[in-house]
Amino acid sequence: MSYNRHPISLFHDFGLLGNLFNEANRTYEKSRASSGYPKVNAYSNENTLALTAEIPGVDPKTIDISVEGNKLGIAGDIPSRVKGENESYHRGERFIGKFQRELTLPFNVDVSSASASYLNGILTLNLARREEDKPKKIEVKVS
Amino acid sequence: MATEKQTCCDIENARSDSAYTIRPNVDIWETSDSFNLEAEIPGVNQENLDVKLEGGVLTIIGRVNAGGPEGMQSLHSEYQSRNFERTFEVSNDIEGDNINADLKNGILHIVLPKREAAKPKQIEIKVT
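Residue numbers (the numbering used here), protein chains in the order written: chain H, 15 to 157; chain W, -19 to 108.
Bound-form chain W, shown alone:
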């Protein structure tokens, strides 16, 4: 986990005519049971979000609807509507069938549970 597959998603990866694509900011942390990933994808709703694991590569794609409110003109613009895409290499220690993804307040949280064999083991010490 946590090895990035590609370093850049530039304008050539754009998924629609009206928006370009950037890599979302992520936090990645590891617990004894799982790897966790949180990605900032403001403006993406569940229907426009794709998370998949294929061939050891985790891909996140989020699409946004570009444009402002109907009947209004843009007055001031500090951010552009853009799609999000980022890929990560995932180690074999992940239980691919039990990955959980949850979207809340523009943050995608993915939990990738470790295989039993990859979890740290407590070794009992026998006193003789």
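With the rest of the complex left out, here is chain H:
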């Protein structure tokens, strides 16, 4: 299933780099992958990138984050409650189940310095640009 919900023009900061952040979501059985769960915000400065994702109710130890080059994967599972005896449900609006997203980042990430934290249902990732990917200043010789 191809999926590209966010126009590239959103990333004018990195416009020269082309198709940034294109979704590479794959359909995942009984998951929200195809509807873009979790929702992600991204913030950047020159050489670092911070991503936040809303994933309420997940055990942070079970979130699977993978980084390879400029590809970032976030996957996990929000388990459903074990229903007790004599229980009846009045409402069931919360998101339960597996999720998976894959994002293309604007630069190759230095995996050794990547960090992740989870607080109040928000996953935060801090990613730094790989040294060899950092912009180089080119000196112009005047002759």
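By construction, these hints were calculated from the structure, which means they are not laboratory data.
If you're wondering where the values come from, they're calculated on a predicted model, not measured in any experiment.
Using N, Cα and C, we set each Cβ at its ideal position, and we do this for glycine too.
Among the clues, some could well be false.
Heads up, simulated SDA-like pairs for lysine to any residue below, C-alpha to C-alpha not over 20 Å straight-line [what the hints assert, rightly or not]:
{"id": "1", "chain 1": "H", "residue 1": "97", "chain 2": "W", "residue 2": "5"}
{"id": "2", "chain 1": "W", "residue 1": "32", "chain 2": "W", "residue 2": "94"}
{"id": "3", "chain 1": "W", "residue 1": "99", "chain 2": "H", "residue 2": "101"}
{"id": "4", "chain 1": "W", "residue 1": "84", "chain 2": "H", "residue 2": "106"}
{"id": "5", "chain 1": "W", "residue 1": "84", "chain 2": "H", "residue 2": "96"}
{"id": "6", "chain 1": "H", "residue 1": "53", "chain 2": "W", "residue 2": "34"}
{"id": "7", "chain 1": "W", "residue 1": "84", "chain 2": "H", "residue 2": "111"}
{"id": "8", "chain 1": "H", "residue 1": "85", "chain 2": "W", "residue 2": "56"}
{"id": "9", "chain 1": "W", "residue 1": "84", "chain 2": "H", "residue 2": "107"}
{"id": "10", "chain 1": "H", "residue 1": "53", "chain 2": "W", "residue 2": "48"}
{"id": "11", "chain 1": "W", "residue 1": "101", "chain 2": "H", "residue 2": "100"}
{"id": "12", "chain 1": "H", "residue 1": "53", "chain 2": "W", "residue 2": "58"}
{"id": "13", "chain 1": "H", "residue 1": "53", "chain 2": "W", "residue 2": "47"}
{"id": "14", "chain 1": "W", "residue 1": "94", "chain 2": "W", "residue 2": "14"}
From the derived model, a few chain W residues whose C-beta atoms are all more than 12 Å from chain H [to be verified]:
{"id": "15", "residue": "39"}
{"id": "16", "residue": "41"}
{"id": "17", "residue": "42"}
{"id": "18", "residue": "50"}
{"id": "19", "residue": "75"}
{"id": "20", "residue": "77"}
{"id": "21", "residue": "79"}
{"id": "22", "residue": "97"}
{"id": "23", "residue": "106"}
{"id": "24", "residue": "108"}
Facing chain W, according to a computed beta carbon distance under 7 Å, are these residues of chain H, among others [as the list claims (entries may be wrong)]:
{"id": "25", "residue": "53"}
{"id": "26", "residue": "61"}
{"id": "27", "residue": "64"}
{"id": "28", "residue": "103"}
{"id": "29", "residue": "105"}
{"id": "30", "residue": "107"}
{"id": "31", "residue": "111"}
{"id": "32", "residue": "118"}
Position chain W against the provided structure of chain H, taking the given hints into account.
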């Protein structure tokens, strides 16, 4: 319990300049002893959370701090920082003094115990 007081919390209910207000998703279930409510309120910490029962109405208000990390520009945005608010009518069968609320991983769990009189009774059948 479980009757919703209002159907909508729109932008007019906004609690701060930088965020708007939405209704959080909830699960509500009933056991023989209690009503239980779980609400998804990612980004709300304990200090910014208000849960109250007044005049038979349970109100949940959670405020979030809008904005991203300092010194960084927004590059891509799929969700906006927003406050959460939702109200529920609570039946008289609830023991209002013994309501328990707990916040974990962005989920608010409220247990509303039933009054003794509202709990199901086992009726002993005498064999004669």
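To see whether the hints hold, each was checked on the structure:
A threshold of 20 Å between alpha carbons decides the hint, and for residue 97 of chain H with residue 5 of chain W the separation of about 19 Å falls inside it, so the pair holds. Of the pairs offered as hints, the one joining residue 32 of chain W and residue 94 of chain W holds, with about 17 Å between alpha carbons and a cut-off of 20 Å not exceeded. For the hint pairing residue 99 of chain W with residue 101 of chain H, the CA-to-CA distance comes to about 13 Å; that is within 20 Å, so the pair holds. A hinted pair counts as satisfied when its Cα atoms are at most 20 Å apart, and residue 84 of chain W with residue 106 of chain H qualifies at roughly 18 Å.
Among the hinted pairs, residue 84 of chain W with residue 96 of chain H is consistent with the structure: their alpha-carbon atoms are about 17 Å apart, no more than 20 Å. Only pairs whose Cα atoms come within 20 Å are accepted, and residue 53 of chain H paired with residue 34 of chain W is rejected, the gap being roughly 34 Å. A threshold of 20 Å between alpha carbons decides the hint, and for residue 84 of chain W with residue 111 of chain H the separation of about 18 Å falls inside it, so the pair holds. For the hint pairing residue 85 of chain H with residue 56 of chain W, the CA-to-CA distance comes to about 16 Å; that is within 20 Å, so the pair holds.
Restraint check: the Cα-Cα separation between residue 84 of chain W and residue 107 of chain H comes to about 18 Å, which is no more than 20 Å; the hinted pair holds. Among the hinted pairs, residue 53 of chain H with residue 48 of chain W is consistent with the structure: their alpha-carbon atoms are about 15 Å apart, no more than 20 Å. Straight-line distance between C-alpha atoms of residue 101 of chain W and residue 100 of chain H comes to about 13 Å, which keeps the hinted pair within the 20 Å bound. Note on residue 53 of chain H and residue 58 of chain W: the hinted pairing holds, with a Cα-Cα distance of about 6 Å set against a maximum of 20 Å.
For the hint linking residue 53 of chain H to residue 47 of chain W, the alpha-carbon distance of about 15 Å falls within 20 Å, and the restraint holds. Between residue 94 of chain W and residue 14 of chain W the alpha-carbon distance is near 5 Å, which keeps this suggested pair within the 20 Å criterion. Its beta-carbon lying about 17 Å from the closest one in chain H, residue 39 of chain W satisfies the requirement of being farther than 12 Å from that chain. Against the 12 Å criterion, residue 41 of chain W stays outside the reach of chain H, whose nearest CB is about 15 Å from its own CB.
Listed as a non-interface residue, residue 42 of chain W fails to keep its Cβ farther than 12 Å from every Cβ of chain H; the least gap is roughly 10 Å. Look at residue 50 of chain W: its CB is around 10 Å from the nearest CB on chain H, not clear of 12 Å, so calling it non-interface is violated. Taking the minimum C-beta to C-beta distance to chain H, about 18 Å, the non-interface status of residue 75 of chain W holds against the 12 Å cut. Remark: the non-interface label on residue 77 of chain W is consistent with the geometry, its nearest Cβ contact in chain H lying 23 Å away (cut-off 12 Å).
Against chain H, the non-interface label of residue 79 of chain W holds: every CB pair exceeds 12 Å, the least being about 17 Å. The beta carbon of residue 97 of chain W sits about 18 Å from the closest Cβ of chain H, which is more than 12 Å, so the claim that it is off the interface holds. Every beta carbon of chain H lies more than 12 Å from that of residue 106 of chain W, the smallest distance being close to 24 Å; the non-interface claim holds. With 12 Å as the threshold on Cβ separation, the claim that residue 108 of chain W sits away from chain H holds: the shortest Cβ distance comes to roughly 29 Å.
For residue 53 of chain H, the interface hint holds, since its Cβ comes within 7 Å of a Cβ in chain W; the closest pair sits about 4 Å apart. Interface hint at residue 61 of chain H: violated, since its Cβ lies 11 Å from the closest Cβ of chain W, which is beyond the 7 Å cut-off. At its closest, the beta carbon of residue 64 of chain H sits 5 Å from a beta carbon of chain W; the interface hint therefore holds under the 7 Å criterion. A least Cβ separation of about 5 Å between residue 103 of chain H and chain W falls short of the 7 Å threshold, and the interface hint therefore holds.
Annotation: residue 105 of chain H was flagged as interfacial toward chain W, and the flag holds, the nearest CB pair being 4 Å apart, inside 7 Å. Annotation: interface hint on residue 107 of chain H holds; nearest CB of chain W at approximately 4 Å, less than 7 Å. Checking residue 111 of chain H against chain W by beta carbon gives a least distance of about 13 Å; that is not within 7 Å, so the hint is violated. A distance limit of 7 Å between C-beta atoms decides the matter here; for residue 118 of chain H the minimum to chain W is near 11 Å, and the interface restraint is violated.
Violated hints, listed in ascending order, are 6, 17, 18, 26, 31, 32; each of the other numbered hints is respected by the structure.
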